[in-house]
Every structure is written in C-alpha cells, then in structure tokens.
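Peer 1: Take the given structure of chain L and dock chains Z, U and Y to it, following the hints.
For reference, the chains in residue letters:
Protein chains: 4
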Amino acid sequence: MKIGLIGLGRMGGNIARRLMKNGHEVVAFDRSEEAVQKLAADGAIAASSLDDMRGKLDTPAIWWVMLPAGGPTEDTIATIADKASDGDIIIDGGNSFYKDDVRRAKTLAEKGIHYVDVGTSGGVWGLERGYCMMIGGDKETVDLLDPIFETLAPGMGDIVRTSGRIAEQVDPRAEKGYIHAGPPGAGHFVKMVHNGIEYGLMQAYAEGFDILKGKASENLPEDERFDLNMTDIAEVWRRGSVISSWLLDLTAIGLAKDEKLEQFTGSVADSGEGQWTIDAAMEEKVPANVLTAALYARYRSRVDHTFGDKLLSAMRFGFGGHVEIPQ
Amino acid sequence: MKIGLIGLGRMGGNIARRLMKNGHEVVAFDRSEEAVQKLAADGAIAASSLDDMRGKLDTPAIWWVMLPAGGPTEDTIATIADKASDGDIIIDGGNSFYKDDVRRAKTLAEKGIHYVDVGTSGGVWGLERGYCMMIGGDKETVDLLDPIFETLAPGMGDIVRTSGRIAEQVDPRAEKGYIHAGPPGAGHFVKMVHNGIEYGLMQAYAEGFDILKGKASENLPEDERFDLNMTDIAEVWRRGSVISSWLLDLTAIGLAKDEKLEQFTGSVADSGEGQWTIDAAMEEKVPANVLTAALYARYRSRVDHTFGDKLLSAMRFGFGGHVEIPQ
Amino acid sequence: MKIGLIGLGRMGGNIARRLMKNGHEVVAFDRSEEAVQKLAADGAIAASSLDDMRGKLDTPAIWWVMLPAGGPTEDTIATIADKASDGDIIIDGGNSFYKDDVRRAKTLAEKGIHYVDVGTSGGVWGLERGYCMMIGGDKETVDLLDPIFETLAPGMGDIVRTSGRIAEQVDPRAEKGYIHAGPPGAGHFVKMVHNGIEYGLMQAYAEGFDILKGKASENLPEDERFDLNMTDIAEVWRRGSVISSWLLDLTAIGLAKDEKLEQFTGSVADSGEGQWTIDAAMEEKVPANVLTAALYARYRSRVDHTFGDKLLSAMRFGFGGHVEIPQ
Amino acid sequence: MKIGLIGLGRMGGNIARRLMKNGHEVVAFDRSEEAVQKLAADGAIAASSLDDMRGKLDTPAIWWVMLPAGGPTEDTIATIADKASDGDIIIDGGNSFYKDDVRRAKTLAEKGIHYVDVGTSGGVWGLERGYCMMIGGDKETVDLLDPIFETLAPGMGDIVRTSGRIAEQVDPRAEKGYIHAGPPGAGHFVKMVHNGIEYGLMQAYAEGFDILKGKASENLPEDERFDLNMTDIAEVWRRGSVISSWLLDLTAIGLAKDEKLEQFTGSVADSGEGQWTIDAAMEEKVPANVLTAALYARYRSRVDHTFGDKLLSAMRFGFGGHVEIPQ
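Protein chains in written order, with my numbering: chain L, 1 to 327; chain Z, 1 to 327; chain U, 1 to 327; chain Y, 1 to 327.
Simulated from the structure, these hints should not be mistaken for lab results. The beta carbon of each residue, even a glycine, is placed where N, CA and C say it ideally should be.
Okay, derived cross-link-like pairs now, DSS-like style, lysine-lysine, Cα gap no bigger than 30 Å in a straight line:
id, chain 1, residue 1, chain 2, residue 2
1, Y, K111, Y, K83
2, Y, K260, L, K99
3, U, K99, L, K106
4, Z, K2, Z, K83
5, Z, K257, U, K139
6, Z, K99, Z, K139
7, L, K2, L, K106
8, L, K99, L, K111
9, Y, K285, L, K257
10, Y, K139, L, K257
11, U, K83, U, K56
12, Z, K285, U, K257
13, U, K139, Z, K260
14, Y, K260, L, K285
15, U, K21, U, K56
16, L, K99, U, K106
17, Z, K139, U, K257
18, Y, K2, Y, K99
19, L, K139, Y, K260
20, Y, K38, Y, K2
21, L, K260, Y, K285
22, Z, K285, Z, K99
23, Y, K83, Y, K21
24, L, K260, Y, K139
Covered by chain U, per the in silico footprint, the following chain L stretches (three or more residues, Cβ under 8 Å):
id, region
25, 273 to 280
26, 284 to 294
27, 297 to 306
Pulled out of the complex, with its shape left as it was, chain L reads as follows (with noise of 0.2 Å):
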C-alpha cells in the first residue's frame, strides 16, 4: 500500500523503514527537510509540504502522523483534514489521549473522513522485534489497512502459543501482534492502560531490588546483612522463574553494564499515559494502589523534599518539643 507518513522521529522513520522493507510505498514528510532527505535516501518518496504529499498519494489517501501527542498531533490532524477528501483515512500512531481520539473521529465522520488510531509498544527494539499494535477505528477501514499492519507487526515468530485459544472466540490478529480493539479511541485506550501496567511493573522490580541493594545496609545488626550481587540475581531470574519478563530482561542488561547504576541520577521522567490511566480509574471507580503508587514514586523521584515532609517536621516540633525526638 502506499501511506503518507508525517513525523520522521526515530519512531516514524523505523516506521517507514520496516514498510519499505516489505514492500510498500512511503511518502515522507517532515518539519525537518534533512530528515526527509534521509528517508528519501533509503527508498521513500520526498514530500515537501503536505499539500504535495496529498498530491503524492492515491485516492483514498492514507495519513499516518507520527508526532508528539497534544499540539503537533493536534494541529498537524486539523491541517490535514482540510486538505483530505471524502473517504481518505488518517492515522494517529503517537500516544494521544484517547478522549482526544474520540473527539476527533467523531468531527473527521461528518467530513466523510476515516480515523484510526494505533497504540505502539516495541519502543526503539521495534524495528527489530516488530511493533506491537493495539488498534481503534470502524471495522472496514482497520480491515482495509491490515497488510500496513501485518508488516509492522512482529508476526508469530519462535513465541510459544498460548493454549487454550479457541480460534472461533478470538481474533486471529492477536497472535501476530496486533488488534482491532474497537471503535476509535479503544486503541490508545489499551494501550494507555499497557503503559499504566508497566509502570507497576517497573516499580515492583525497583522496590525488589530495593530491598535486595539495603541488605547490606550498616544499619541493620552484622549478622543480618547480606551483600547481593545485584547483576546475577537479575540473570537467575531470567532463567526459569516466575517473574522473567522482558522489563527484566532490560534490567539485567543495565545490571551488567553497571551494577551500581551511577550513571543515572534516579529523576525519573512519567509520560501522560501512567496519569491518565489513574484518571481511567477513578472515573470507573477501580482501586488502582499499585499502579498509582508506581505513578508517584516517579513523581516523588524529581523533588528533594516536598512541603508536606516540612510540615511533618513541623507538627513533630509541636507535640515533641524536637525535630529529632520521636513522640
């Protein structure tokens, strides 16, 4: 197929790459002439605005943006509905909230254009591994666009099948990497949740190896402590225990390159979707402790101190007497 492809960032142009390399067409756009050149080089087909790409694509036309959620998707969709047609298809594969999704789709309808949007977890191993897909849209139109998606995805690979799977009851799409999760915004939403779960699961390995790491501490009695070695226990757990996975996988390989981790300084950036999984929550009234408490440990990581640790100290002082002297 051919698919105009807006934002040329590391994700947009593995993208493209990995559609080019199984054979279809690219035309490519972005702010950055230097990066269109680039893809130009490597096969694509240069686009210097988005009026020439429209004019660069088949009817229907196929938009792919690939930009920073908020703004620049924003504004790039607005701008490209003007110049699309009756029956184009416009793709948002960055991470938009997907109420934002929702809005959207249902303004593009009444021009008679479609909107699909792709969730994306791989992160830079995707144009390696494949892309993993989680996808919204109506029906026909995520039909028509299944061989863009087939070749983004992983595929079947050596990843052993799940038993089980009863072929009539699923969608046989699963197993290669992607789905049609449902109407437009149900792709980002699966994949918002996705990211609220890796959070959590980042923050149990974290505390894991937390308390493995204070084992040595000097403040517990001599004969209580241990000193672990952080970067085999890591590698064991890889090999045939409960908790494996790819995150662990990461860990080990950041574990062996430095133990001590030094060269991170443990600010820890969140993205919106771990924020607005929490907002997910409390609008369908779900206790989520842990993924939220995985939230803000990030958030805690970036502060030294906050006001509430002051105003601890403060009332100590009141009912102690002392800062330092417990109640």
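Peer 2: Relative to chain L, chains Z, U and Y alone:
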C-alpha cells in the same frame, strides 16, 4: 501513694512533678545525679541507686520505669526484678513493644511481681494538659494504682461529653483520660496503634498542604494557578470544619510562625510504633494502605534517591533508548 | 443584607435560617413550593420563580445558589445569568468543581456579573456551630459580602487562639472561620483539598480501629490476642491524646451507640471532591499516596470481588497448579 | 551424587525425578509410605525412616529437606541434626524464613554440620523447565553440591544471553539458572524478595485488566464505553510489547480458557514471603508502596467488609446526617 520513678528525662520529670503536685510521694532515681537533685529540689525523695530506692519505698513497692524502649528499659526492669519482693509492682511507662510486655509479665509473675504497661500520649504538653493513658495489666493491680493514674490523667475538663455513652457498658475512666485496656501488653498495643493512626493523620494533612502549595506551580497553565495562603487555610479549618483536630492546631502554630517552614529540612524520623503497627496489621491480615504509605513517606523523606529510582531509569534507557525520552 | 437563596435543602435552609436569625433578609426559591412556604413561615420572602426573585432583590442583586454540583447548579447559574443585571453577584455555595468556577467567572465577567464560589464545611452541624467557609472571588465583591459571611461563620467562639499569628501578615477573617482564598475557583479548590484530607483522616482512623478489632482474631496465637473495647478507646483518645479531632468525636459517638456498628453495611460512598483532589495532585505532580489510598478503599468497599482478584487466582492456578496452594 | 530426599510432595517428587533422570541417586523418605513406594518404582532407593536413610547415604551424607516451612521443616532438621555426622550437609529446599536459616546454620555449624538453603522458583513447571535456584551457604559446600544444582537448573536453553555481562565479574552459574547468593539465609532471602516482586507484578496486571474491564461499565457515559476483549489483549501484549512476561503468558492462558474467569471467586491467598518482604523493607527503611499494596489487595480480597469500612459509614452518618448523602 508512694512511687519510685526511674528515669527523669522530660517525660519522667514531668510525670513526677504532676504526681507530687497532687499529693503523691516520689522517690526519684536517674543515672544523672544532677537530674535527681533537680527533682529533689522540687520535693522528691532522692535515691542514689536502685538499692537505695528499694529501701525508701513502701511494701509492696511501686516501681515506675520511664526510660527509652529497648535496652535501657529491658535491663532496668531485669535489675529491679532482682531487687523486688513478692507483691511488688513494676510499671513500664515508656514506649515498649507490646510483645516484650507479654513476655516480661509472664516472667515476673513467676516471681510474684505484677507488671503494668502504660502507653502515654500527650508529648511535652502533658504536664499542663494531663496524660492520656492506655494501661495493660491484671485488674487488681491496675485498680490499686488508680489514684496515680487519676492524678496523671487530664480529667474531664471542658471537653464535651460523648452523647450516647451508657454508664453500665463503658469504663468510666475513659472520660477522665485513661483506660484499663486489657492484660499486660494491651496498654502498649493500643498506644502503638494510636501512633500508627497519628502517622496516617499527619500524612493526610501533609499531602493536602502539598497540593495547596503546588497549585502555585509554574508548571500549571497560568489561569489554573492559585497562590494560596497556607497559614490562613490552616487557621480557618480549625474553626467549624470537619477536619479540625489537635494536629491541625499544631500545624496552624507552625505555619503562623513561618509559612514556608524554612527551618525544617523535611527529613522525618519515625519511632518504632509506626512499623510495629504495620507488623500487627500483617499478622492480622488487615489491609492498612494509608498507615503504611504514611510510614513509607517518612522513609522516603530521608534519602535523596533510591537505588530503585535508578533502576527505573536504567529500564527506561533500555526500552526507550534514552533516559529523558518517555516510551 | 438582602440575599436571594436558590435551593432550600438541608444546607440551603439552614443557611437561610442562620442569616435571618442575624438580621439579614432572605428571598427564597426552590422548585419545591413546600420548601419555600416552610421557609417563608420562618420569616423568608417567598419567591415563586427566579423572575419573581429578581423583582424582590435589591440592585445589585445577590443570588446565592445552593444546589447539587453539576447539572442543577450549572443550569441554574446560566438561567440567572440571563436575568441578572450588570453589577449583580452570583454565589455558588455548593460543591462545584473549581475549574467550572474559573470558567463561569470568566463568562459572567463579560456580562458585568461578579461570581463568587464558597466552599462550606460543617455538614448538618453548621446551623448550630456556624459554617467554615473558603471563598473565591474578586476582592471588592468578597469584601462587599462580608456581613453575610461573618454571620454564617462560627466566629471565634472559645477555640484557643493560635499562638504566633502576626496580625499584619494574616487574614483576620480566618480566626472567625472564613477566608478569602483567592480569585474565583480558589474557594472550591481549598474546600476540595479539605475533603481530600478528610478522606485520608477518616481512613487512618478506620485502619487503626481495624487493627484494634483484628487483635481478637482467632487466627492469632491465643496468648497474643486482646479483646479490646472500641468504645472506650475512642473515648480515651479524645482526652489529651495527639490524635484527638472532631472526626474522632464523631467516631466516639458512633461507637457509644453501637460498638459493633451493625447498622452499617460498610459500603462507603464518595463524592467528587476526593477524586478531584487526586486529579489536582497529578496535575501538580505531587505524590499523594495516603489521600489516594483512602479514596480507593471506598471504591473497594462497594464491590464484592474485582475482576483483578480473579485474575490473580488465575495466575496462581497457572504457576502453582492449584488455586489454594501458594507458590 | 547420592542425595537423601525427605518430603516427596509435588515439589520433592519432581526434584527427585529430575535428579534421577540425570544420573544422581536418590534415597527417598516421606511419612507417606505410598509416596516412597511410588518414587521407588521410578528408581529411588526407599528409606523407611530417617535412621534407615542414614545407613543408605554416603559419608558425608547429603540430606535435602523438602517440606512445608515452619514446624515440619524445623522439626525434621532438628531430628536429622541428631543423626547426622560431622561433615554432613543439610539442605532446606522449602520456603523457610531466612532468619531461621541464619539461626540453624549457626547451631549446626557447632556440630560440624553444613547448612544450605535453596530458594526455588518455577512452580509446577519445574520438572519440565528446570528450577531457578537461589542458594545460601558456605562456598565450599555449595561448590561441592554443584552437580546437583546444575542438574536441577534449567540451563542456558534458548533464552537470549544478556549483553554486556563480563565473565570476570559475574557468577557463571547465573546464566544456567542458579546462583550462590551468599552465606546461609541469603538463598531464601533472595527468593523471598522474588516472591514480593511477584506479588507486585501480578497486582499490576490485575489492576490493568480491571481498568480494561471497567471500561464497559454502565456508569460511564455511553460514548466513553469500550467493550474490550480481555483474551486478545493479553495475547497481543505477549508479542513485542514492553510488558511481556511469563506471568502474562499465564494470564493469556487463563483468559483463553475462560475470558470471564468464572471458575474463580477472587479470594486470593498469600504465603508468608510477601509479608516477610515487607518486614525486610521496614527493617531496612526502604519504601515499598507497590509491594505492600499488592499484599494488602490479597488480604482485602478475602473479607466482605472491614470494620474500618463501617467506621467510615458511622463517621459519615455523624457529620452528614445520613449514610448515603456525601458530605
């Protein structure tokens, strides 16, 4: 009554004074001779050693130990036990772990010695306001000591009576500020949970004020910022709001003195009771998310970055290719 | 002053009565004619409609809306806005979301109408104790309304003054039980955080009493059980302890009436403020583990089993071969 | 090597079989004679008692105890200690508390007996996949037992090697699925933290799927609902996503079998390790919000309503005048 008081620190000294002011006799000992002389100047009978104290007490003797929990209390009670006679009473008024009480009471009972544990709340305000006491021990002994407890307790004062209390079903002492909670250990157990709750209450205020404070953050859109006055908010909540409390009174005092709390670093200590409360919750299989989170906030306040935080960064580097770029 | 009061439910009715008792005039409207007549019998000027109210108010008119947050408040304010004149004041005394206040104030300002939001704490006790009020709005308008707020507030009463308040640096109204918190929205924002804290405080007590109660559990070794008296413990903590508070007073009343709390099922509702507080925390990137856990405990109290619980069992079955055998 | 295996339950039996299949000799004992005969039929040397076993083992004898933690393990090790000779080795392959290991090792060392603790992960899958083992003990003894551990471990298999491991700095055994973690107790300590992490990981998935499931809730506005397919989502995440893991594989199997998980009630057991992990965190003063929340979710899953929930209702009744009307 005549009481031997061992440990004349802030708490012990004030307890002695409140007892003497109300007609009790106090035989006082501390390893600091100066502390003994100071209290003797206020009317106490000075003791130069535990043996000396033994000779100056009545039969049966009442020994009130007011020392730091752990080693000092444990050793002193063992020493007294050697000197004590059948029928004597040993009171631990410190912050001992309740399981130590259970053990000690059993051992001392074999020697005919009664053991009473008194959990005391009120901090440095106790001399003036009276001490809220939770008492563990056998009924006969606790009843015998009633004159002491009644003296130390705040009494009914002008605190509004709780509607609905039915005289036949309740302990009349509760309204005066002390209760016989149960057998040995029960006093410190109730006091321990009291402190666990205290941590939770304090953290609830701390987080709330953090959110008030954070509303002025420059990371928020300009028209969603409020520059709120912490001092006045604490004050207004003291007056008719649902969240008025003594801890809020202390908060208001602290903020009135310095709204920015700049004298505090925000490294918050914890005594054993918070941790023991969580231990008890786990033994009972009671979920205690709030009390635990309050305890952990204090742990977290005392470190710059955890090893776990760095591990999160290492994982993010692993899948995202870059520390700063969220997946 | 003359105030138009729309919404004569429990809160609205009591506010009207407290105003009238202190010399203000109230023009009263409610969609229930009976409620209007009842208040008229107590001295209010009955209004049969908002138009009728318009005619009975002074210029500028003061409209106090006391309705459930969301639709009812939103619609009523919109209707009043149509009837109001330049210089009129609309007060929202309900529990609106503060961002709605910000938006409304902006819209109404374009029509020359002043908007004031009043967060009110005190529940059903307000008629007697007075209302603790947190007010948002422009300074001039809030100052103009001062006689109303002073009447509704509890006043200084016999609550001990906070030591260290420096007259020049603080809002003198705070000691009387009300503050001008900031621009429109600030009143409800502070009230929202107040409720967030309230959830945290309540849950801290709830968990503490759970641990006290659980200490009688037959799952514990027999010599580690205590059969504690909840009623007396709540009572004694009211008297001199660090955790005394108004919520504890209510707890003591509840337990005095029925120590087993058998009239309650334990399904606990939550209003919007708890959730909004967490939203605010996340927008500000402030960790709020305690307030969030308190909110989630309420969600959890309203379901028998979560789907997540079943998923845990499914996983345990997967690796352990049996639901009941721990790995 | 020749090993005496005491305890022929699921784990013990499978371990024996894996050892024998790879050339080791197993002398087998269990208090169930049937279990002994069954294993003898598979090639083991039957022992009718520990004394009998003693006679059938080499010198020094290797005793592998595979019994439930607590009493059974404790008593059996004490009995073996009486029969063992200087230089013998006792291995505890169960789930003992690591502090028990430290104590036992000390006591046994006085008798010249070596003690080794082996934490084992892999559940019922171990016979086929091999066991991931974390081993505590003195170096000489652990080295001596290496043939046994190598046999039981999964070996390198086709799991991708971790990039960056530097042979000189790491334990080569880790890549084969076992490590010598440290002195006695270190094996079970690492295994304990492993289980703590496991709880956190499981709860992260559980909460995520709860949020996915809840998105179909009728309490949400109709156009914000998605009716998502749990089975396909679990499947697609196995393929190229950041959150792929063995626990997710099990989740996918469980959901493929029954998407509604109706065979499960959702009452989730916990073994001791989760609780011990939190104890360790508190001893080290390490905040572990996620691991603790995961443990508490299990406690909460096993009760209908907590006393604390009822207390919340009682307070709400107190200030709001009504259980159902939020303040």
